Amino acid sequence: MRSFNAGDLLYLLLAARWTVLLSLIAFAGGGLVGLIIALMRVAQARAARWFAIGFIRVFQGTPLLLQLFLVFFGGDLIGVPLGAWLSVILGLSLNAGAFLGEIWRGSIQAVPNGQIEAARALGLHYGHRMLRVVAPQALRTAIPPTVGFLVNLIKSTSLAAIIGFVELTRAGQQLNNATFRPFLIFGLVASVYFVMCWPLTIAASRLERRLALAYQR
Amino acid sequence: MRIWSLVAVLALALGLASATPGKAQTVDEIISRGSINIGVLVDLPPYGILDAQQEPDGYDIEVAKLLGKYLGVKVNLVQLTSPNRIPFLVTNKVDLIVATLGVTPERAKQVLFSIPYSAIENVIFGPKDKAIKSISDLKGLRVGVPRGTVQDVILTSTLGNDVKMARFDDDPSTYQALLTGQVDAIAETGLTGDEFYAKNPGPGIERKFILLQQPNGITMRKDQWNLHQWVNTFVYFVKNNGELNTIHEKWFHKPLPNLPTF
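Respectively, the protein sequence lines represent chains G and L.
Under this note's numbering, think of the first position of the first sequence as 1, with each following residue one higher.
Under this note's numbering, think of the first position of the second sequence as 1, with each following residue one higher.
No lab work stands behind these hints, which were simulated from the structure alone.
A portion of the hints provided could be inaccurate.
To be verified - Here are some chain G residues the structure puts well away from chain L; computed CB gaps all over 10 Å:
#1 Ala28
#2 Pro112
#3 Leu131
#4 Ala142
Claimed, not checked - Derived Cβ-Cβ restraints for the label pairs, each shown as a range:
#5 G/Asn152 with L/Tyr236: 51 to 57 Å
#6 G/Ala48 with L/Gln53: 53 to 59 Å
#7 L/Phe209 with G/Phe194: 39 to 45 Å
Quick caveat: nothing in here was measured; it's all calculated off a predicted structure.
Cβ coordinates follow ideal geometry from the N, Cα and C atoms, glycine included.
Could you build all of it, start to finish, from the sequences and the hints given here?
What follows is the structure, given as structure tokens:
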């Protein structure tokens, strides 16, 4: 049992880099997967819709911890070792993609049908219809739930500890096991998470206000 | 938390499913590679901790380094956690683990144990004013344990519903719970408990009785017979020449206990 030192504080802050990096991976990968899933979910083709629904059910209905576990260790079982990085990219992207896909599907469907019909009547193609007519309107309704989910996602990256990443939470646990100062260490860990999440929330509400202004008459 | 039992089940399934890997690893292969990947815990004082420079240290880590020295190869320490140590081993992500893994027939269905290289002393701690002398005195009390440990299994199987188990994520939380009175007693590692309660006297907590002495083995995959034989020889040798005892004295301040072999 040793005392908490300045090096430990640095260790925590360095571990927070992993949390940031894992979060960025989850944002980017999840955003890409989520966009595809949302578009499939509102597509005309029945097969695409069913695939998207199945995908969402599976990834929303099982814990992220187990998804990471299965991707990382399961790959070895079937003879395709993925390694920690590929596993974490896959696991986080697929999971976040399922949630973001469903959030964005709702936002897309919240755009009044008349808008799409009008765009069609004007002869706009699918791409233009989605990009110029639907997306700008869906964006407004999508921001609050998206940010809420992303803030949660930052905290969920702690689950990557199961496949060997020593990120913020795991580093805190390790130090607590050496120093037995839970209130100090987990207090620090919580503050670092807060510093990461708070600016995101603020930026989101700013963006929301700006977009709301654009639609005021 | 049910999710951890799910992970445990998955880990078990993994161990059984990977029973037929390609080629068994031999000592010669490790030597010609020039390095060995050893899985260790860094969150179980004094077996594995992060030292003041945030480097892995502790009894297990010194044993792992000694093993590397005798094998004549470089040691890469891989930091594992209690739930993922067996999955890392059986999926070839480490060559062996020195991670205070208790030798049990259940685990031996998935992995191969060396002869014991350490023992963990499990003690019941409780407040001075509570008379707890044997396991039956724990009936009706709230007893804290770290989840999924040997003491968790023993108390649950012997006392069943007569005891209210409080399962914590790790050791510090378990010690803390007794200090703050959330539980009536805890089952924990003796030495660390002594140190912790000497530092944080609180309401006057003392050792009640020794629950068990659990011998731990260095752990390998089921097909690593060649390596297993070498590791057994290594443990036997350093037990006899006193090197293991020196490490034990350093971390536990007492000589190596009697470690039965098999």
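Hint check:
{"no.": "1", "hint": "Ala28", "result": "holds, 26 Å"}
{"no.": "2", "hint": "Pro112", "result": "holds, 42 Å"}
{"no.": "3", "hint": "Leu131", "result": "holds, 41 Å"}
{"no.": "4", "hint": "Ala142", "result": "holds, 30 Å"}
{"no.": "5", "hint": "G/Asn152 with L/Tyr236: 51 to 57 Å", "result": "holds, 52 Å"}
{"no.": "6", "hint": "G/Ala48 with L/Gln53: 53 to 59 Å", "result": "holds, 54 Å"}
{"no.": "7", "hint": "L/Phe209 with G/Phe194: 39 to 45 Å", "result": "holds, 44 Å"}
The earlier numbered hints are all upheld by this structure, with none contradicted.
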